[in-house]
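Q: Sequence:
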Amino acid sequence: MANEDVATIIKKTMLVHPAKPHPITALQLSNLDRKCPELMYLVFFYAKPLKNSSSNFLTELREGLEETLSDWYPAAGRLMLDGEGKLNLDCNNFGALWVEAEAAEVRISELGELSMADKFLKKLVFRPKVSSDGLFELPLVVVQVTEFGCGGYAVGIGTNHALFDGSANFNFINAWASKVSRRRDEQYHAEIFEPIHERGRLLIDHCHSHEIAHDTNNGILAFDHLYQLIKQAVSLEDIGRKQLDEAYKISEEGDEEEVVLRTFTVSKDMIEELKSKVDGGSCTSFEVLAAHLWKARTRATQIPKERTVCLQFSIDIRPKLSPPLPRSFTGNAYVLSSISTSSESLLQDPLSSVVHEIRQAKNTVDDNYIRAYLVALEAPRYCDILPPLPELLIVSDWRHTPFHEVDFGTGEAICAVPLAAPVPEVAYFMKSSREEGGVDVRIGLMRKHLVGFCHCFLQTM
Numbered sequence: 016m017a018n019e020d021v022a023t024i025i026k027k028t029m030l031v032h033p034a035k036p037h038p039i040t041a042l043q044l045s046n047l048d049r050k051c052p053e054l055m056y057l058v059f060f061y062a063k064p065l066k067n068s069s070s071n072f073l074t075e076l077r078e079g080l081e082e083t084l085s086d087w088y089p090a091a092g093r094l095m096l097d098g099e100g101k102l103n104l105d106c107n108n109f110g111a112l113w114v115e116a117e118a119a120e121v122r123i124s125e126l127g128e129l130s131m132a133d134k135f136l137k138k139l140v141f142r143p144k145v146s147s148d149g150l151f152e153l154p155l156v157v158v159q160v161t162e163f164g165c166g167g168y169a170v171g172i173g174t175n176h177a178l179f180d181g182s183a184n185f186n187f188i189n190a191w192a193s194k195v196s197r198r199r200d201e202q203y204h205a206e207i208f209e210p211i212h213e214r215g216r217l218l219i220d221h222c223h224s225h226e227i228a229h230d231t232n233n234g235i236l237a238f239d240h241l242y243q244l245i246k247q248a249v250s251l252e253d254i255g256r257k258q259l260d261e262a263y264k265i266s267e268e269g270d271e272e273e274v275v276l277r278t279f280t281v282s283k284d285m286i287e288e289l290k291s292k293v294d295g296g297s298c299t300s301f302e303v304l305a306a307h308l309w310k311a312r313t314r315a316t317q318i319p320k321e322r323t324v325c326l327q328f329s330i331d332i333r334p335k336l337s338p339p340l341p342r343s344f345t346g347n348a349y350v351l352s353s354i355s356t357s358s359e360s361l362l363q364d365p366l367s368s369v370v371h372e373i374r375q376a377k378n379t380v381d382d383n384y385i386r387a388y389l390v391a392l393e394a395p396r397y398c399d400i401l402p403p404l405p406e407l408l409i410v411s412d413w414r415h416t417p418f419h420e421v422d423f424g425t426g427e428a429i430c431a432v433p434l435a436a437p438v439p440e441v442a443y444f445m446k447s448s449r450e451e452g453g454v455d456v457r458i459g460l461m462r463k464h465l466v467g468f469c470h471c472f473l474q475t476m
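Residues 16 to 476 (the working numbering) make up the sequence shown, in order.
Among the clues, some could well be false.
Here are the simulated distance ranges between beta carbons [as the list claims (entries may be wrong)]:
no., residue 1, residue 2, range
1, E78, Y242, 19 to 25 Å
2, K283, R322, 31 to 37 Å
3, D97, K463, 44 to 50 Å
4, R322, H470, 18 to 24 Å
5, K63, K463, 35 to 41 Å
It is worth saying that the hints were derived from the structure and are not from the lab. Virtual Cβ for every residue (Gly too), placed ideally from N, Cα, C.
Based on the provided sequences and hints, a complete structural model is requested.
A: Have a look at this one:
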């Protein structure tokens, strides 16, 4: 790609504070929030704004963010440790990081398939340097707005996963976009959720106040499956858990150059064809697509037949809790469900059998499961930074959070794409922006497996 090596020039860096500061307070995080306190990045591409100069538009974006931070005040805070050494939020109004950049030699139309511009995408987000104070001085929200030579622009947004899950992140960005749209058009109106930040019902004390069935922990297989994969990866069955943790705290940079991110669009017709192979179509799009992806990836990566492979997928617990959490809950509200088998069995089993296992795993997630899951997270069960686990596939379902529809008053995004997750084993299911009823599957693969994966995944036989 011709323009991937073109530099972006940083023109301004500043902190953006809430327009109306919130009283300083500490917000207790749940164990779900504490799992991954890292910045997760999305890049949005937009056409040239038709109204106002670029400088005015940047001001509108920045001031819209200031307004949004008033309601979403934890996003202007910092991480902190409590007296027990547990991670919480210091809601101190320190602000989000705002960066303005320019790539004057770049035209969006010349970039080709935007989701494949791996090197260039990394230049459209700002990664703050970590000092000796580490996580505790880093902003929880980082925004880089990059103007292109064609007048179009990109918004690269990093939000700390301790703040939001995918659903809450979508609501936050939508709230910001709505503030900007209203500045550009006084007649603009959109339904915006009033954010609920308190984690109350997901805290351990609340979970312990409810009786949990004694056999529930036996049903939470995500932890045990992951630990078994780690042991399998290093072939050290007889070492202690602590030794394993210390031996495999490796840098995530190890395989970075080998792993490439690609987006595959699955048409509505292909999904329906896959469904027709499962009990006459009596399954969900998620179930059949996850099953097909798992089989295709396992075949393409040529995992030895005796190795254990594992599929894990996130489930939004907002509607699963009793009573349900509101849709506007801003914390992490998902758990992982898991199934595991041998590579040989997975490839030999019919698609319908794998779909049935996925459905069973989904149906185990209820209020009791969720509370037991939160309690189980209290104890460290495996290393904080995973070794490479090619036998693991994690699916995150973003179909109900259509990021490409986020509109800052200049129209929907040309493209909205997530950058690499902290672990390369994650695949995202996203509502397709170009195929009505289709699904975009965003996945990281080793370059040497791309051709084989395309062949296995983009066919239904």
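Q: Now look at each hint and say whether the structure bears it out.
A: These are the hints, each one checked on the structure:
no. : hint                    : in the structure
1   : E78 / Y242: 19 to 25 Å  : violated (48 Å)
2   : K283 / R322: 31 to 37 Å : holds (34 Å)
3   : D97 / K463: 44 to 50 Å  : holds (46 Å)
4   : R322 / H470: 18 to 24 Å : holds (21 Å)
5   : K63 / K463: 35 to 41 Å  : holds (39 Å)
Checked against the numbered hints above, the structure violates only hint 1.
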